[in-house]
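Residue numbers (the numbering used here), protein chains in the order written: chain A, 1 to 197; chain B, 198 to 345.
Calculated directly from the structure, the hints in this document are not laboratory data. Idealized CB from N, CA, C, for every residue including glycine. Hints are not guaranteed to be accurate.
[Said to hold, decoys possible] Below are the DSSO-like pairs computed for lysine-lysine, each with C-alpha atoms no more than 27 Å apart in a straight line:
| id | chain 1 | residue 1 | chain 2 | residue 2 |
| --- | --- | --- | --- | --- |
| 1 | A | Lys59 | B | Lys248 |
| 2 | B | Lys248 | B | Lys312 |
| 3 | A | Lys185 | B | Lys312 |
| 4 | A | Lys153 | A | Lys185 |
| 5 | A | Lys185 | A | Lys73 |
| 6 | A | Lys153 | A | Lys73 |
[Said to hold, decoys possible] Here are some, though not all, of the chain B residues that point toward chain A, as calculated from beta-carbon distances under 8 Å:
| id | residue |
| --- | --- |
| 7 | Ala207 |
| 8 | Ala209 |
| 9 | Thr268 |
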Amino acid sequence: MFQGSANAPKMQHIKLVNSSGGMLNGSTSYDVTNYYEAVPSNALERVLWLEADRMRALKVDDENLKNQRDVVKEEVRVNVMNQPYGGFPWLDMPPVAFRNWANAHNFYGDFSDLDAADLADVQAFFKTYYVPNNAVLLMLGDVKAEEGIALAKNILARFQQERPRHLPIPANRSKPRSGAATWRKNLERCQPWPSDM
Amino acid sequence: MEEKFGTLPALAIGYVIPKRRTADWCAMALLDQALHGGRAGRMYRELVLEKQIAVEAGGGIDDLFGYNGPTHMTTRILHKPEYSSDATLQAFDAVIREVRENGISADELEQLKVKWRSDYFATLEGGRGGVHAEIWIDASPCLLHSVR
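So here's chain B without its partners, still in its complex pose (with noise of 0.2 Å):
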């Protein structure tokens, strides 16, 4: 049998995002759920699901807890190869400039955050009990019960 995989051209999109314990950073962890948060996400269901331009399209912060320096959200598309890039680019731009000049609203924040924290509790479950980057890099284990 012929190997076909990696023959869809991909698209990754970065921004720098802001210093870790910001009121920033927390605007940048709920922006990043609301572009990325799986099929739900304005990124899957705008390139995916409406436009059918893209087969995958996702992404997230590389390590929202982690960082110590220059860090990423990065969005990653798998797009059909009729589509060119630039095509795609601006599709991708489209979702960010909607977000842009609209916002995101009271209704769409509160659910946001509701599957941030489920999804962050889910995290405290895993086989390192909870053991966080943040706690290293921070030296404050006090960060641990600071999420709300």
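Chain A with its partners taken away, still in its complex shape (with noise of 0.2 Å):
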């Protein structure tokens, strides 16, 4: 999503959040995904139709999917690997926890789950969760309600045209509990690499 859309090349978007003076994000969290930003009023049209493009006509190729995927592993090394108790419980919790996969895999997926996903995957996953109507838009701050509901119907409704109206079929989330408690024991992986000082 940061890799660059149709009408707005790599960096492009970031370029222009910055440079209106804004900042802008995302994060994935169990069960939904966001993008944010956050910019002076004046460049609310700005960030909508980026925004728009994205979810339009993100450029998913094998060189974003390589980049990404290097993207998400090195958060994985930084964040898990080499952090003692990195994925304790937060990673280690749910598999223990629950059976169904939606709930019971690995949060950042293994690094042969990052690498089994190849370009049709991906493709496929954007075009079925990242649709207009799987979406929620919030706009707070400085800003009209009228006129921000105007701006993203003006910019984001047109587009919904373009993309399928059918929502997709959500997970399966039941847990199966099987009313005794469930352990597991862990063993800590955390191996630090060598630095310099």
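With the hints in hand, could you dock these two chains into one complex?
Here's what the structure looks like:
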């Protein structure tokens, strides 16, 4: 989502937000992924356009996939593998507690999972979930409701015509509960890398 | 220099939490505050300061606002190697038992609410300007104003 879209080449999104005096980021939680921009109000139209362009026509190609796969691996190395108790318990608990895949898998994905995801998988995921009717747009701060909504309709809604209108089928999130506590022992695998000082 | 991090035994216990936006869910948020409210939390006070079994005892709810399926309130304890996992777990259970048997007093509840609200309002001042995942999931910005 930060690697360019049809009308905003690579880095353009970040450059335009930053040069407006704004900030942006995104994050993934257990059940939702969010992207946000905080900008001065005169850049609202600009960021809505940027969001619309990447929702409509994100550039998902081999080069971007490889780049972003490495970004995720880097995050895992820094946040998990090179941190004492790095995945404990936020990555370790769900596979012990839950049985349905949606909740039980490693939240980041093992490196083997990341490597296994090919371009077609990622494009299919994007086409299924990154659609306007599976998204919630929230605007707050220095914007009048009617103006913000009009802008959003003007910029975002017209792309809706070009994308599927059916909502993705929700994953199975039920938890088969045995009634008994479940336990697992984990080996701490932190192996700090060499560092110089 | 030899890197010596990650050598203490650690224990984590998770409880499945109630459905979002129910009365039990609100109670769970305050119970979480009672147990894991930083150094004033019962876990820290009991396991680290009083019994001195653990060097770290904290926890929380994975994402109080952002879940849409099963999720947990988790306690995370790093304990001294001379205490077994069982002994540590017993000390944890004693904290839970105390709440179960004696409940939370009105005074403590009031303090928990103050701290909870204060933490919540602090999150609204972050870079995202108060954009909470619950708003995405429930698609209702009015919820932002319903926290009391």
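Checked hints:
1. Annotation: proposed proximity of Lys59/A to Lys248/B is violated, straight-line Cα distance about 56 Å (limit 27 Å).
2. The suggested pairing of Lys248/B with Lys312/B holds, with an alpha-carbon distance near 25 Å, which does not exceed 27 Å.
3. Taking the CA atoms of Lys185/A and Lys312/B, the gap is near 34 Å; set against the 27 Å cutoff, the hint is violated.
4. Restraint check: the Cα-Cα separation between Lys153/A and Lys185/A comes to about 52 Å, which exceeds 27 Å; the hinted pair is violated.
5. Of the supplied pair hints, the one linking Lys185/A and Lys73/A holds, its CA atoms being roughly 25 Å apart against a limit of 27 Å.
6. With a CA separation close to 37 Å, the supplied pair Lys153/A and Lys73/A exceeds the 27 Å bound.
7. Interface hint at Ala207/B: satisfied, since its Cβ lies 6 Å from the closest Cβ of chain A, which is below the 8 Å cut-off.
8. Given the 8 Å rule on beta carbons, the hint for Ala209/B holds: about 3 Å separates it from the nearest Cβ of chain A.
9. For Thr268/B, the interface hint holds, since its Cβ comes within 8 Å of a Cβ in chain A; the closest pair sits about 6 Å apart.
Checked against the numbered hints given earlier, the structure breaks hints 1, 3, 4 and 6 and satisfies all the rest.
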